[in-house]
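Residue numbering for the sequence shown is 1 to 335, as defined by my numbering.
Hints listed in this document are in silico derivations from the structure and should not be mistaken for laboratory results.
Note that beta-carbon positions come from the ideal geometry of N, C-alpha and C, so glycine has one too.
It cannot be assumed that every hint is accurate.
Calculated pairs, DSBU-like style, for lysine-lysine (alpha carbon to alpha carbon, straight line, at most 30 Å) [to be verified]:
(1) Lys175 - Lys144
(2) Lys159 - Lys304
(3) Lys266 - Lys190
(4) Lys125 - Lys159
(5) Lys231 - Lys266
(6) Lys190 - Lys125
(7) Lys125 - Lys231
(8) Lys304 - Lys190
(9) Lys159 - Lys144
(10) Lys231 - Lys144
(11) Lys266 - Lys159
(12) Lys175 - Lys231
(13) Lys304 - Lys144
Listed next, with one range per pair, are the computed distances between beta-carbon atoms [what the hints assert, rightly or not]:
(14) Phe293 - Val253: 43 to 49 Å
(15) Val134 - Pro207: 19 to 25 Å
(16) Leu173 - Asp260: 48 to 54 Å
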Amino acid sequence: MSQADPHSPWSIGTSGDAHVGILTTTAPSPSSTFAPGPLELTKLASIIDLMPLGHHDNFSPRLRFVNLPRPALLLAPLALSVSLALSPAKAAEPAKTQPAKFTPKAKVASGEPSAKSPARSGPGKTIVFIEGAVRSDLGTLTEKETVGRLEEEIPMDVKAIGPMFTFGFLTQLFKNVRVGGAVGYGMNLKMVERPTPEQEENEDFEPQEVRFGQQITLDARVEFSPHLGDKFWLVVMPKGGISIIQVGEDLRVATDALEDSHNIRKPRMGVILGGDLGVRYQYNEWFGVRGTFGLAYWGQSYLKATRNGDAADSDRSLSSSASRMSWGLATEVSF
């Protein structure tokens, strides 16, 4: 004989002896949640109460209470019901995910390079430049004639102002040290007489002008360029070379007058020694601008003629020595 509630997962019946109770359960489906109510707990307590303590060996193995005191038997169904009620809720609980770790971005201060960024390299190993400058020469033009033991010298203070264009290159030798060369073109060199104080007071005084011809310079140079900061480099550039005059205008007239009677020495060469001081602004890795002030000594020979005579030999020469100041601006391409 058995009694069962069709709406309950618990079935209660007897087996053989009317004093032995059998408790069976029907497992709930995974999608359902069952919590035993008061009715089921009352039935369980009644069955347990009917169980004699001396016949526990005949109990069904489905519900075995061996050597347990009666209060523990009363609490067992309650513990079982709580366990079944909580199991589906735990299964349905979503798995907890670990929060994503926050990785702060590298802090780079405004205007300051990061520790891993390369330092500014400045110009490349080789620089090609074009420079335009204004030159100003102050010096003395000297005409000298020697006949036998007699010598006559006529000096004249002169000045010259004009443009100077230079094309050259620089290549790195050591850190911040470069060597290179350049060729310059000074256009037509014209010298003007500087009046003395007495001549300045004379209203009728007219200064002499002498046009010698086209000036070409060739020089070698060494550049020292320590870094000043940001995009600026100091430029210290000693240089030295030669100056060549392509004969023209007044110098050609004087040469033609002596050509029949004198031997003319060619070419007309001079020496330039000096240096530049300035600042380089490196706009980017391949382009920069350089501004410089230059000071140099310049010695130039324009005419040397010799005549062998019966009584005595004669020599004639025309030369100048001057200081040259220049203000230049150069554009540079480096690679």
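Do the hints match the structure? See the list:
1. Lys175 - Lys144: At roughly 49 Å apart (the allowed maximum being 30 Å), Lys144 and Lys175 break the hint.
2. Lys159 - Lys304: Between Lys159 and Lys304 the Cα gap is close to 22 Å, so the pair holds against 30 Å.
3. Lys266 - Lys190: At roughly 20 Å apart (the allowed maximum being 30 Å), Lys190 and Lys266 satisfy the hint.
4. Lys125 - Lys159: violated (39 Å)
5. Lys231 - Lys266: At roughly 47 Å apart (the allowed maximum being 30 Å), Lys266 and Lys231 break the hint.
6. Lys190 - Lys125: Outside the cut-off at roughly 39 Å; violated.
7. Lys125 - Lys231: holds (16 Å)
8. Lys304 - Lys190: This hinted pair holds, its Cα atoms lying about 19 Å apart.
9. Lys159 - Lys144: OK: Lys159 and Lys144 at ~19 Å, within 30 Å.
10. Lys231 - Lys144: violated (52 Å)
11. Lys266 - Lys159: holds (25 Å)
12. Lys175 - Lys231: holds (17 Å)
13. Lys304 - Lys144: holds (10 Å)
14. Phe293 - Val253: 43 to 49 Å: violated (36 Å)
15. Val134 - Pro207: 19 to 25 Å: Since the Cβ atoms of Val134 and Pro207 sit about 21 Å apart, the hinted range of 19 to 25 Å holds.
16. Leu173 - Asp260: 48 to 54 Å: holds (52 Å)
This entry does not satisfy hints 1, 4, 5, 6, 10, 14, going by the numbered hints stated previously.
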